[in-house]
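*Asks:* Residues per chain are reported as follows:
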Amino acid sequence: MTAMSYETRERLILSLRYALLILIAAIFIFPILFMVMSSLKPDLQLLRDSASLRAFLPVGDISLNNYADAFERVPILRFAFNSAFTTAVSVGASILLNSMAAFSFAFLQWRGKAVVLSLIIATFIVPFEVVAIPMLLIVNNLPWIGPQGIEIGWLNSYHVQIIPFIADSLGIFLFYQYFRDLPDELVEAARIDGASIWQIYTRIIMPIAGPILATVAILKFLVMWNAYLWPLMTIRSEELRPIMVGLQYFFQLNIAWGEIMAYLSMVTIPVLIFYLALQRAFIESIATSGIKG
Amino acid sequence: MISAATARKNAPLWVRLLLPRDAPLYQRNDAIMGWLMALPALVILAVFLVIPFLMAFVVSFTNQRLISPNPAEWVGLRNFERLLTIRTFTLEPERDESGAYVYDGGSLSYPRLRNFTRNNPDYPELDGLREFTSWQSGDNRTVILAGDVVFLRALINTLIFAAVIAPLQGGLALLLALLLNQALPFINVFRAIYFAPVVVSMVVVSLLWRFIYDGNNGLLNTILGIISFGSFQPVDWLGNPYTALPAMMAMSAWQAVGFHMVIWLAGLQTIPVSLYEAAGLDGAGAFQKFRYVTWPGLRNTAVLVLIVITIQAMGLFVQVDVMTRGGPLDATQSVVFQAVQRGYHKQDIAEGAAISVILFVIVFTIAMVQRYLTRDKS
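Here the protein sequences come in this chain order: H and D. Quick note: the first sequence uses the working numbering, first residue 210, plus one each step. Quick note: the second sequence uses the working numbering, first residue 701, plus one each step.
Just chain H, with the same shape it has in the complex (with noise of 0.2 Å):
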């Protein structure tokens, strides 16, 4: 085999790779495509493009119509303040009790601490699913402090979506096996210098904690915003309604399918274009939750 030939083998092959790679890419592009381009096309014209290839591009009678509908219809708004709201909430809470947490778990001495935290890696394994049920019970029944006093029972409220998943045993390890992997002078050094526990869990430890917190903070709003049996279960007033349940209007009344694709649109491209501008954080995130085994 000549040189020369060997090359154009080689480049035959890189070429027959890379369009393997755009093939797959189409397949996970042209349904998000498909929405966008749907969003802004009237129902029928919608219904036509989708037997042709027309459904891809945006063609014809292209406008924003469909997102002015999708607000006449829904309080878009009302459900955008309260995912974000509540997710927002979370996000913050759950980084400062898992890393509190965790930050007692790697270095400070107490009793029982093994025990306790074998006993959070052995959680890891029960599915939200199995415990949804049994927990509706029991927000039905907790006491909560209201405007009128002590009122029984978290149902349809904010603090029923957020509570619950402020702390989490994924989120509690994560902190810890960062925290553990530290070297050990960095506290011994502050102790010595007469730092106080806190100071060196808020001066020292969190400062470098940068990329776990992202993780841990991604991973948490992947979860919240796309909140959907635990809401439909324990919300009922609109006012209260995360975005994901919000979509039930739009599969129960008349299905107008330009609306539907404006809506789902709107929910999804935020998410999208923060994954795009923080691709890396999100795909190190995956990978890091993924090998907790």
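Source of the hints: derived by calculation from the structure; they are not laboratory data. A couple of the hints might just be wrong.
Said to hold, decoys possible - Calculated lysine to aspartate or glutamate pairs in the DMTMM-like style (CA-CA distance at most 20 Å, straight line):
| # | chain 1 | residue 1 | chain 2 | residue 2 |
| --- | --- | --- | --- | --- |
| 1 | D | 989 | D | 977 |
| 2 | H | 322 | H | 390 |
| 3 | H | 322 | H | 393 |
| 4 | D | 989 | H | 219 |
| 5 | D | 709 | D | 722 |
| 6 | H | 322 | D | 722 |
With the hints as your guide, set chain D onto chain H.
*Replies:* Just chain D, lined up with the frame of chain H:
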């Protein structure tokens, strides 16, 4: 100078309780701060994970309802019995006085099943059961009876869903990872694209694919029509009991395959390049390198990926709730969908909890199998 042991004995109760036995007394701040800092997370986990988990077991032995004027009563194993009872029963054709078969319009005639399952004192074990499926065996009809036909269907569907999607999604993810595991220009762009559906909500994906799978104007029918030059007959993918569950599997794999691709990629990175070089020097081809270098190095990743997919698949819910609500003809019923139907919609917490316990037993078994497969052999 007093000894450490004496000092400890004289210390306040909380110090003796919280401080490890072998820790020096000056670390008592550690002990109290340690508990205080872990406490908020531990309380949340106890109230919203450990207690509900234990309650699932307790409640599943009662007749608890979400809201009820009467206190719950213990019912023993009744919930589990109803959910899991399966019996086979053989129906013999009806005979006339002389013992010959009775024919009804050319085919054998059988006694009605409900004669045996409704208050028949001769067959107390069949009382209340209903037909799950049946088939002809010789002249007789063999019937599978179940205490809860819909739940049995949901359980079987979920197990099939998990059994198919684990190798399908795991295998596709590995192929994608192998394709991406090379330093080529733009490879990160492709990785980002393949991963993108993972960040899209399953609710959004399910609604979107409901349109793609539509029988009249669905995009999938259109594309298959174009590829086959119009010879493809449109299918109502979600309306047909034979295609609904496979369609759901394909969509679920599309959404989550990027997740496991990333885990495979992380596993591939741990295989030293020198091993490939050595294999190359020994004259190994691409396939042999995969067979003898890559695959053995991925063994633990493989187990992890398969187990994670299986456990996630056992929790199948959103797809069913958004796309089919269990139909057509219960072809897409799932265990969690039934748990929610009963525990929430019918407010029968006890039955929902019993279903949750069954789900946990299955997931626990799978996790133990993983433990066993990845155990340290040394």
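*Asks:* Work down the list of hints and note, for each, if the structure agrees.
*Replies:* Each hint, compared with the structure:
no. : hint             : in the structure
1   : D:989 with D:977 : holds, 10 Å
2   : H:322 with H:390 : holds, 18 Å
3   : H:322 with H:393 : holds, 18 Å
4   : D:989 with H:219 : holds, 18 Å
5   : D:709 with D:722 : holds, 13 Å
6   : H:322 with D:722 : holds, 14 Å
Of the numbered hints given earlier, the model fails none.
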